[in-house]
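K.L.:
Spelled out, the chains give:
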Amino acid sequence: MIVANRKSLEEILTMLKPYKKILLLGCNECVTVSATGGEREVGVLASELKISRAKDGEEIEIREHTLERQCDHEYIDQIHPFIGDYEVILSMACGAGIQYVAETYRDKTVLPAVNTTFLGVTLEQGVWSERCQGCGECVLHMTGGICPIARCAKSLLNGPCGGSSNGKCEVDKDLECAWQLIIDRLKALNQLDKYEEIIPIKDWRTSRDGGPRKRVREDLKLL
Amino acid sequence: MKTKSNIERILESGQLVVTSECGPPRGADAEVIRKKGKLLQGAVDAVNVTDNQTSVVRMSSFSACLILKEMGFDPILQMVCRDRNRIAIQSDILGAAALGINNILCLTGDHQKFGDHPRAKNVFDMDSIQLIQTVKTMRDDGKFLEGEELKGRPMLFIGAAENPFADPFEIRAARLGKKAKAGVEFLQTQCIYNIPRFEKWMEMVRDRGLHEKVAILAGVTPFKSVGMARYMKNSVPGMDVPDEMIERLKGVPKEKQSEEGIKICVETIQRLKELPGIRGIHIMAIEWEEKVREIAEMAGLLPRPQIM
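In order, the protein sequences belong to chains A and B.
Take the first sequence: its position 138, counting from 1, is numbered 138 in this note's numbering, and each next residue is one higher.
Convert by adding 223 to the 1-based position in the second sequence; the result is the number in this note's numbering.
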């Protein structure tokens, strides 16, 4: 899933300063699972905003609304009937959702209430961890199913560097060294011989470096 | 001989190589390099010039190499993968070779988190092993990474570093094997304090026959004080300082600690140079260059062979 963090109340209040009528838009997908921008978090943020404004003696009108997804027109179109009643949309979706809402309602200001951070997994209740950077050319078959691009602080394809100590990364003593994990896993799979092979220099064209990416499936298109 | 490297020449003659390092200043003052250079003249065969070490911005390694070259040194251009993509790396390799640099040390580079610009974006377009391959491809095949021919091959002697004290220990010799396969010719190790662990690593290296493919230069750094030893033990990633070394320094009065540090360093060199497979010593006296000559002298490494 896409994991996000909510922005601080102060930052959100600063962005909202010129506005009184706000459509606060949640998303039922990833940000709900990562407890950042679902229906529940929309409710919490709305209360916080109302309390802050009330304290300052300023009025605010907030409509809370959570869409099934903010990354599909089908759902974004649902706010069309009442969008005219609001000056601004404060979106709690990931960066993709926020932008797609803005693209759809071109005359509306759309503000981000969250910082989108990574593609990851739920380690335990309340803890998420990065696993993928979407580089467009998966190497997991060579690295025991552990991604050095996303999980090594230096994205080394032939690690570990000299900073790996007791299984931890030099960048943070609480961060696992991806290459220690890879080696442990290769050993468990009886595939340590794979470590002897040099992984060649990466083709980054499939990653963000090649420019914004687009995928077209002709067979699925309706026309 | 492939290159005009002094290291390569001395290795071919079968003698031990002695190298040291020079950290460029945080400013544009060339005199700082010349002063450090003077302290090393006649004491070493080649000098590493660090590349923004610990991710702190300094005068470029390339420029400081040229200043040392003018003084008659054979500099070793250190190059990290943190700050340059493959376009800049290949360009710098060509430029260094064009201006008479004979040696390159291929490194991953410390994470920028440790330095003075922790908010920087890092590059890591390639890693140190791929950097070795890049230099070798350019030099021996006369080709750029995408396969096109280059005119005027960069005749650099190719080096790398390895940390026998980093984890996981079991693959540290295998990792050197990958560097050898990539084409590395000389290797400088991280500072050695834990000699038994280093000996164990060398055994693994010899078992794979890597000492015959790569000239291994054992790295040493003298302690100035017990405080420095503690700092190295606790705060420098991948450093292995045994407790008995700290105890030994603690056992002498404060004003004698630096002397004791030098003594430990000299004893370490004397043990290391007898180890089968060791082809040289790399003395890293961090901001203490004035002690390199004394250490080399006491360890019986002087005089150095004349540069031809």
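Hints were generated in silico from the structure; no laboratory data involved.
Fair warning: this is a prediction, and the values are worked out from it, not measured in the lab.
Just so you know, even glycine gets a beta-carbon here, dropped at the ideal spot from N, CA and C.
Honestly, I wouldn't trust all of these hints.
The list that follows gives simulated cross-link-like pairs (lysine-lysine, DSSO-like), each with its CA atoms no further than 27 Å apart [said to hold, decoys possible]: (1) A/K214 x A/K194; (2) B/K344 x A/K168; (3) B/K336 x A/K194; (4) A/K214 x B/K344; (5) A/K194 x B/K423; (6) A/K168 x B/K423; (7) B/K401 x B/K227; (8) A/K194 x B/K436; (9) A/K168 x B/K401; (10) B/K486 x B/K447; (11) B/K401 x A/K187; (12) B/K486 x A/K173; (13) A/K173 x B/K344; (14) A/K194 x B/K292; (15) B/K401 x A/K194; (16) B/K336 x A/K187; (17) A/K7 x B/K344; (18) B/K336 x A/K7; (19) B/K456 x A/K168; (20) A/K168 x B/K336.
A short list of chain A residues far from chain B (calculated; beta carbon distances all over 12 Å) [what the hints assert, rightly or not]: (21) K7; (22) I22; (23) C71; (24) E87; (25) E103; (26) T109; (27) S155; (28) N158; (29) N166; (30) L192; (31) D193.
K.L.:
Compare the structure with each hint and give your call.
P.N.:
Here is how each hint holds up against the structure:
no. : hint            : result
1   : A/K214 x A/K194 : violated (33 Å)
2   : B/K344 x A/K168 : holds (22 Å)
3   : B/K336 x A/K194 : violated (31 Å)
4   : A/K214 x B/K344 : holds (25 Å)
5   : A/K194 x B/K423 : holds (23 Å)
6   : A/K168 x B/K423 : holds (22 Å)
7   : B/K401 x B/K227 : holds (25 Å)
8   : A/K194 x B/K436 : holds (21 Å)
9   : A/K168 x B/K401 : holds (22 Å)
10  : B/K486 x B/K447 : holds (11 Å)
11  : B/K401 x A/K187 : holds (18 Å)
12  : B/K486 x A/K173 : violated (33 Å)
13  : A/K173 x B/K344 : holds (21 Å)
14  : A/K194 x B/K292 : violated (42 Å)
15  : B/K401 x A/K194 : holds (11 Å)
16  : B/K336 x A/K187 : violated (31 Å)
17  : A/K7 x B/K344   : holds (22 Å)
18  : B/K336 x A/K7   : holds (23 Å)
19  : B/K456 x A/K168 : holds (16 Å)
20  : A/K168 x B/K336 : holds (15 Å)
21  : K7              : holds (19 Å)
22  : I22             : holds (32 Å)
23  : C71             : holds (27 Å)
24  : E87             : holds (34 Å)
25  : E103            : holds (27 Å)
26  : T109            : holds (28 Å)
27  : S155            : violated (5 Å)
28  : N158            : violated (4 Å)
29  : N166            : violated (6 Å)
30  : L192            : violated (8 Å)
31  : D193            : violated (10 Å)
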